[in-house]
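Trainee: Heads up: the sequence lines are chains A and B, in that order.
Going left to right, the first sequence walks through residues 1 to 385 as our numbering numbers them.
Going left to right, the second sequence walks through residues 1 to 290 as our numbering numbers them.
In case anyone wonders, no lab produced these hints; they're calculated from the structure.
A couple of the hints might just be wrong.
Here are the computed distance ranges between Cβ atoms for each label pair [to be verified]:
1. B:P139 x A:G380: 51 to 57 Å
2. A:G380 x B:A90: 54 to 60 Å
3. B:R187 x A:K96: 20 to 26 Å
4. B:A177 x A:I74: 55 to 61 Å
5. B:G115 x A:E333: 31 to 37 Å
6. B:K175 x A:S264: 45 to 51 Å
7. A:A354 x B:V273: 53 to 59 Å
8. A:G120 x B:A265: 37 to 43 Å
9. B:L82 x A:A335: 54 to 60 Å
10. A:G380 x B:V131: 55 to 61 Å
11. A:S264 x B:A265: 28 to 34 Å
12. B:A91 x A:K69: 44 to 50 Å
A virtual CB, placed ideally from N, CA and C, is assigned to each residue, including glycine.
Listed below, chain by chain, are the residues.
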Amino acid sequence: MISIQSLRFTLVGTAMAAFAVPVLAQETIKIGVSEPLTGSVAASGTYVTNGARLAAEVINRKGGVLGKKIELVIEDNKSNPREAVNSAEKLILKDKVPVLMGAWSSTFTLAVMPKLMEYGVPMVVETASSGKITTAGNPWIFRISPTSAMEASAFSKKLAGMSPAIKKVDFLSVNNDWGLGAAAAFKKTFEDNGITVGRTETMAPDATDLSAQLAALKGTGADTLIVTSGIEQLTLAIRQAGEQRLPQRIITTGGSFPEPLLTSPGPKGYASQHLLFFAPWEPQRAVYPEVAKEFSDAWTERKYDLPGQTEGFRGYDAILTIVEAIRIAGKAEPAAIRDALWKVKVKGVNGDIAFVKEGPAGKESGQNEPSVYIVELKDGKVAVK
Amino acid sequence: MDQFLQHLVNGLVTGSTYALLGIGLTLIFGIMKVVNMAHGELYTLGAYAAYGFVALLGVNYFAAIFLSALFGLAVGAVIEYLLLRRRNLAAMDEVMLIMIGVMIVLQNAELLVWGGVAKAVPSPFSQEPIVMGGVSVSPTRVFVLGTAVVLLVSFYMLIEKSRLGLAMRATFQDKDAAKIVGVNVSRIYTLTFALGSCLAAVAGALLAPVFVVSPTMGDLASLKAFAIVILGGLGNLLGATLGGFALALIEEFGAGYISTAYRDAIGFLVILVVMVARPQGLFTKKERVG
């Protein structure tokens, strides 16, 4: 029996090789990018990649780094951990990139991490919230996105402002490292604040029909439902929750924004709240408005969708961080870039980017402490809280 | 009780589209013996056709379903005419490889044309749900259920009661005897494949505004369609219909009362049990092969 999957990859691979165009030989510094451009979280991965491209353009327009232009080598990890490993290996071995950015979601990032150790190449993680990533003892990992625990702790500071107050909370999480990790971190925060934790339901990463989960959550008596997933599933969950008249207020975590609901909103009066790391509707509220504006303007110039900035900024900030590390290192070599990443102080779209040590002594990973915003979406309109 | 009724309503809506997928495949796989690995791709194609017509060309959604059906019919006919007509359908593995090729080409063509990011098709119905007691359901889903049931009944009548249906059944029972009594066998093959593809495309177009449209949406649909056909018994239209509803209800109640994490697993576990206890399918009598 021939495996369909392997046959598909062989054929697609052959086709891609046939179309590959030799890159003009010129002195550039390569940065590898592994993002989900197809599959269940393709929307997010595409936004992040667009953000990374904009950062490269802005930097190259200003003369690049170390007198050379930077060149992004972009690979699609197909929303699949196995493909994420393949893409990282290809970037390191074939393209010889000295540093990577990736890989959107904890599952893909965790899959890639052993390869970073094996080949000794650093990776700046722009999106992934599982605590395991920076506590696994991998000294090649530098994460700019918040952990679920950081997100939960930032949210706990906003609990007092919630009206009506949260008394009992349910969870609907994507069934992977990210979703389950977020549910665990938020549960702990809620319990610490005396809030009752109710039922937890999970959804497969590629599930589109969430009606069974929502029907099970409908009668639990909770007032709030915490949903963790990417753009596609958040959109489906909120729309289907409206259809089934779930009484809970929905709050989403992870920094994705269900932007299809702007153009085709769910039932009238049905509001949802979203924990985001950049609120493009009010860039002046960013820590460095001028950096946010430069990013926002470049995004608008390209006529990308405005809400895509909520994730696009991750790619932008990650590339700014990597380029700053290359500048400090003075050379584009993996170990030098890793050492330099500990010294970066970048003014990013989200705010200050600098790494603190996390994980077992001697092989710590770098973790940044980002800002968190709450945005409310109601009848296709957005309000930044 | 409310939760039970809500699961029942959800299961019936999903089941109706599973049934459409199932009878499309049971015709092709069960009757023609073509292991149609590309069945899910026709479902995807139908969904993208609906997206193209509604969101890009501004066609009315109801007209778009009809156009997507015609599109599925045409693509099915072309696949059969170009790739299967000159093949010996009894050579199952050869035909299966052809269909795997079709699946790969279609899926990658969708990726090339539409990109990897999922598309949303606007629904023509109000977003306000219909509420009856503790049960609520969106008008779009009610429309999906209604249309699917009408299609299932008309299709059943077509196969069981019309002269065309008679010719189709005759061809698959004994090709040579059908030829002798004057049935144009190759035309029946093309038509059967086209009709099966058409039903998959309609299922895709119907569900497009309920979910989102993406190039890989057909993978799970294919798997479910095969499961339904096996559950219902190969080539059994009524079996495929009941199998579709049964699988959806098992998944829905399994998810609601046992575990949502194992939603798909519960469905396939039941199929495994059926395969062990009743390998000919739930709704088919045992028959001698060869």
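Trainee: Hint by hint, which ones does the structure fall short of?
Mentor: 1, 3, 10 and 12
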